[in-house]
Every structure is written in C-alpha cells, then in structure tokens.
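Engineer: Starting from the known structure of chain A, arrange chains B and C on it as the hints suggest.
Heads up: the sequence lines are chains A, B and C, in that order.
For the first sequence, the numbering used here begins at 1 and goes up steadily by one.
For the second sequence, the numbering used here begins at 1001 and goes up steadily by one.
For the third sequence, the numbering used here begins at 2001 and goes up steadily by one.
One or more of the hints may lead you astray.
[As the list claims (entries may be wrong)] Have a look at the derived ranges for each label pair, beta carbon to beta carbon:
1) H2055(C) <-> D153(A): 31 to 39 Å
2) R2219(C) <-> R1046(B): 23 to 31 Å
3) M1210(B) <-> P12(A): 23 to 31 Å
[Said to hold, decoys possible] Residues of chain C placed beyond 12 Å of chain A at every Cβ, according to the derived structure:
4) T2025
5) G2088
6) D2116
7) E2130
8) Q2182
9) F2206
Note that these hints are calculated values from the structure, not bench results.
Just so it is clear, CB atoms sit at the ideal spot from N, CA and C, and this is done for glycine as well.
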Amino acid sequence: MIRIDAVTKRYPDGTVAVDRLSLDIPDRAITVLVGPSGCGKTTTLRMINRMVEPTEGSILLDGQDIRRQPVNTLRRSMGYVIQNAGLFQHRTIVDNIATVPRLLGWGKQKARARAAELMERVGLDTSLAKRYPYQLSGGQQQRVGVARALAADPPVLLMDEPFSAVDPVVRKGLQDELLRIQNELGKTIVFVTHDIDEAIKLGTTVAVLRTGGRLAQFAPPAELLSAPADPFVEDFLGADRGIRRLSFFSSAGLELQSGPVVPLDADAERLASGGPAPYRLVTDADGRPLGWGAPDELTAGRIDRDRLLPYGRPFLPGTDSLRTALDGAVLSPSGWAVAVDGEGRAVGVVSQQAIGEAIRAAHTEDRQDAKAVR
Amino acid sequence: MNGFFDIPSDLQYGYFGLIGLHLREALLPVLAGLLVALPVAQLCVRFRWLYAPVFGVTTVLYAVPSLAFFVLLIDYTGMTETTVMIPLAVYSLVVLVPAIVDGVRSVPPETLAAATAMGLGPVRRYLQVQLPIAVPAIIAGLRVAAVSSISLVSIGMLIGNQGALGNLLNDAQIYHRPPLAVNSVLTTAVLGILVDAALVLVRALLTPWMPRKGVTR
Amino acid sequence: MNVFDFAHAFFGDGAHWHGQDGIPTRFGEHILYSLEAVGIAAAIGLPVGLVTGHHGRGGNALASIATAARALPTFGLLVLMFTWLGFGLLPVMIPLVALAVPPILVTSYEAVRSVDPPPVDAARGMGMPEARILLQVELPVALPLILSGLRTAAIQVVSTATIAAYVSFGGLGRYIIDGLAQRDYEKVVGGATLVVGMALATLGVFWAVSRIAVSPGVRRSG
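Just chain A, same shape as in the assembly (with noise of 0.2 Å):
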C-alpha cells in the first residue's frame, strides 16, 4: 500500500500545490487522482516516485518512508508512464520497452525477450519491433510507453495523462487494453487525469482534487456519483450524475417479457397473444431480431420486412449495466429495450416503466446497505 501522509508542496514563490494530501493508495487496484488544473494530481503523483519532493509529510510504501532507499532504486520499482509516451526516438521499439531491465543489469537477449512478450501483452504486433518511435502511430506510441513501464514487473504503475494526447477512439481502445492488462496483472496502479469520465472508467477508487491541492473526495465511483462530498464535487462531475450512476447498476434482476417477440412468420393468434401492447419485436428463423412492428403494418402470415421500424442498440441482462438497458429503451421506437444473449437472439423485451422500477429498486437497496454500514 501506498500511503501518502499528510503531504504539502509549496514552491519558493509561494504557490502550494498539493496541500495537507492524505490518502491511502489500496494495492492491486487502479486509484485514480482527478481534477482540475492546478489541482496537484501530477504533483502528487510526482512525489511517489521522487521526481519531486514534498515540502511536508512523507509518503510511505508498504510501510517504508520512500526517501530511505536510493532513488533510482525506488524508481526501478515503479512504472512510469507519461502523457506523449517520451519514447526515445533514437532507440527501436524493442530497445525502447528494454530499458528499465537493462538498467537492472539483464543481458541484451533476455530483455528483448521479454520486450517482444510485453508487446503482445499490451496489443502490439511484433513486427513493430524494430521500427523507431516516428513511425508509429500515437496510439502505439502510447502502447509502447506502457509496455515500457511493465518490462521489469512492478508492482507499482504510475500513470500521468497517459491517453490525454490522442483521439477519443483511440483513448477508449487503450483504457480497455488497461482494464484488460489489469485484470491480468493486477498493478497497483495511481493513475491522473483530468477528465472525471475516464476516472469513473477506470477507478477502483477515485480520489477528486480540488485547486490548492486538497482532496475534496475519496471514493468508489458509484459512490462518488451518488454522493458527492459538497458541490464542487457535484459540480465537477457535470451532468447527467444520475444516468451515468446507473452504468454501476446491472441489469441482471430485469423482468423479461416473451410475449410480444414473435417470429417474421407468426399467424395471428400468436401475433394477438403477445400482450396489451401493440408494437411486436419480429425475428427470423435464428431468433435474431430484425426491428419493431408496428401495430397497423402486422398482418398474419405477411408480416413486411422492409416495414418494421429499427429496434436499437440491444442488451445483453447480467453483462451490461441499467444505464445500457435504459439507453435501449429510450431510443426504441416503441418505449422498450430488446435484451439478446451471447449470439444475438432476443431473449426478451422489457419496457420502459419495468427498467424504471428496477432503477427505484437498486437505488432503495443501495440505500439500505448504505443504512447498514453506518
């Protein structure tokens, strides 16, 4: 664990960036450090690894004041990874990712080895290896860096705005590949970042910095969006707290009704037993749904493919969240979200008011654990 003890910085002109930090930092789990600018994020982050020295406090690692070992020591136990990666240009790829092992001493195979496995960990093609930081993409730039940073097998993995420089599509390719790398290797991870979606992505806890560097809040991120501390919390955490709450909820306990999924050749008996609401999700042959059909365009035994209306971005119960389901619903042409299994074949539909309920639901339940615990 890292403990950050009652740490200040303050610079000879007077500004204190990070002011009175205390936070403990929970092994195997990324922590995430928000805010906004000159909140201290990057400061603090700083201090774990020395590259900048706190003026008060002291910050602990597994127990050890961290200034009691050498600092490149301590360093060489951490991964470091910044934002525009600070690949070296001059070095190929391999050589980049090979650096902290060679520094500790291993022979020139063995770290390429274990660059050219760390390549494929992080998503990179090998034949990658030799080509020199130009002539990758941001993207990969980024994957290197990261690559990088896991040569030697820290424990620790410091990240600071490591995908702030590159488009929205690519960041969100990489914060999956970190998720993904995570659950594989279980780092403890602080990771900073000025944009409070991708901490609530990818935070097991987050902790909310508030200029002058003071921590303004330290929690899970459900937590975070069902209770923030005060209202710069709130408003830092912008709109839409509530549905971006429900991503938390899962929509496993949804009741799915069977009743009106019928398939593309119903007769009209089955076509009338699907239940008072008038709109029918057809299917084909597989089970898998074409669209919504409208009450006046089914007729029996001809139901019109080209007529049915499009039936959304579908769920799947269990995996996806509350927040997904309702999302479906609401862009559905008939008020109801389509819930599919793994291969795509609709299970079941639920309406609108039914994924309501389960909110009002979950929301009740958490208030009642939260009752418990206090």
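Structural biologist: Only chains B and C this time, still in chain A's reference frame:
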C-alpha cells in the same frame, strides 16, 4: 604604452582612421549579405524544397578558407579592398540565410493563418508578420556574422595590406614593434565586442514585445 | 594566364609532389594541425557544453564567453603569440583552439537544451542516473546539432591553419604565403585549390560520420 597608438605613416591612416576603415571593410559586406539573404530566405520559406540545395551551396561556400577565397579573386578584382569584402559578404550570407529562415519558421502557424485570413498577401505577411517576429533570430545571426567579419578583415593584410587594423600586424614585424600587434588584436577585439553589444541594444529596441528575462538565444 | 592555367601548371609540375615542400607533406601537416586543434577544442568545449546544457544553468555565461572568444581576431592572435612565444606548435595551437571552442561550446549547449523534455523526464522516472541520461538519452538526440557545431569548428580551423604559414609554419598555407611573397602565382593558386579541396573533404567526412553515428530514428523525426 609607448608607441601603442603611434601608427606608422606608411599605413596612411591614423588610429581612428584605421578603426573607421576596419569597420567599413567589415560591416558593409555584412549589410550586403543581409540584403541578399532576406529575399533568398523568403524564397526558401515559400518554396520549402529550395532550402536543402541552398543550404548545401552555402555550406560549401562557407568551407572555402578566407585566404584561398581572397587569392582566387585576385585575378578578377586585384589586390584591393573589394577582394576582401566579397568573401566576407558571402560568409555573412551563409550565416544569415539559415538564421532568417529559422527565425521566420519560428512564427507560430496560427499567427500566420490569422494574418492570411485577414487578407494580408504573401509579401505583406513576410514584411509585417514574419520578419518582425524573426528579428531575434536574425540579430543573433547578425552578431555572429559581424563579429566574424571584423575578425576576418585582418587577414586582408596578406593581400597587399588591405587588412585595416590587420595591417598593424605586418608593421609590427617590419618595424620590430610588438605593441603594434597588441594594438591590432585588442582594438579589433574591442570593436567586435562593441558591435555585438550595439546589436543587442538594437534587438532590445526592435522587440519591445519580448520578455526581458534571461533569453539565452 | 587565368586561375585554371595556374592550377594546372602547379599540379602538373612533378617536383611539387615530393619532398619537404611536396603536396603530400604539406597536406599531412595541415591535417595534423587541424585535428589537434579541433581535438583539444572538443575536449574542452564538448564536456562543458553538454553538462551545462543538461543542467540548464549558465547559458548566458557561456554565450558571453563565446562572444568574447569570437571577437578575438584569429590572425592577430596568431601573430601576437608568435611574437611572444616564438616559433613552435603552441603559438599556433592557442589561436586555433580559441577559434574552435566557441562554436563547439555554444552548439553543444543549445543541442542538449533543445532535446524534447518528455523522454528525459521518462528516463529519470525510470530510475536512470543523470550521467546516463545525458549520454544515452540526450546525446544521441542532440548529435546532429553537435556534429554541425564540430563541423563549423573544423572548417574554421582548416581555414585558419592555412594562415599559420604566415608565422613560418607548414601546412598548405605555405604555398599561398610563399607564393604571394615570391609572386609565384602558380603556387598561390595551387595552394588555394588544395585548401579548398581539403575543406570540402572535411565536409565530406562529417557527412559520412553523421550518416553512421546518427540513429535513423533521430534523422527522420527531426
């Protein structure tokens, strides 16, 4: 200091006369170099492909040792001042073209885009936006060119005593008066430093928009 | 008789290719002086420029020293040294080294200063010792600029070593100085041609070194 300022009459100039002559011989070529470098640099900025060949040619010209350059010109311009000034102009050109190009290129693209959007044509953009912002880089180049020029003029002494203050070196030998040599070196050095300082002053006057604090460029 | 005729006559004369005043000897002497001067200047200028550039302080002091050194007229200094120290290698080396140090010093300082900060920051964060950062991260990237500074210094030294002949020294300048004194224009032009050739050869050497020493990753991304 005996005899330090006592200039032999065969040089046909007094002490300050020699200084004036030296400055003229050194700085006129720099001016000429600047006048040629400005349009050449603009062409290089406009047509990016030009820069590489121009740079190549100027590098080669710069490599030609001054004495050899003087010698090769004797056939055409005789043992005169001009023979010394032409190579100096070429050397200044060589230093100034890259300096101007770098300076002009350092103008932020957004600034240039704004100027274009406001309707400023290429020549106006060059004169009103790019050059002024390039001034620090140009002056840096001018400093190097001017100081080198002042130093190189002395070599002209070998070409029929066309070296202004450098001629004192010859006289120091013939008349066995070492102080004259010291004079030559010190005066030339001081001239160089003064011209350098003057250019720094000019830069300060021309760029009120620049922050004053520690600019190492 | 024009320049080309003179040159042709000079090189055509067999006597010019042998002995103490022969082309090979003079060429060799010239290369020797130049290498020595540039070597010493590099030994002084490179470490100071690189280390100062790495730490970022002292740039102004460096610039002032360089300006002062440049202001010293090389030729005058040469004559003066000869007058005070007499005949020998030292009176020639001092002005040449004084001439070569400023470009090397200033250029290596600027070269290191202009290195992109993120890779240096990343290297430090990885636990690389400062000296290693300078040599393995900053130097390779700064190399093109450093080489250009060395090249400038070399060119100036080759050029000025020509003039060393004025103080009775050897080298290719011998032909020019003697020729001017003896009004032997064959010699003068021949010497001038040789010196130009040597300068061009110096350019060529640096071009080749740059191709070999500079990493492809740096050359393209510049």
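Engineer: Against each hint, give a clear statement of whether it holds in the structure.
Structural biologist: To see whether the hints hold, each was checked on the structure:
no.: 1; hint: H2055(C) <-> D153(A): 31 to 39 Å; result: holds (33 Å)
no.: 2; hint: R2219(C) <-> R1046(B): 23 to 31 Å; result: holds (25 Å)
no.: 3; hint: M1210(B) <-> P12(A): 23 to 31 Å; result: holds (25 Å)
no.: 4; hint: T2025; result: holds (42 Å)
no.: 5; hint: G2088; result: holds (43 Å)
no.: 6; hint: D2116; result: violated (8 Å)
no.: 7; hint: E2130; result: violated (10 Å)
no.: 8; hint: Q2182; result: holds (53 Å)
no.: 9; hint: F2206; result: holds (19 Å)
In the structure shown, a violation is registered for the earlier hints numbered 6, 7, in ascending order.
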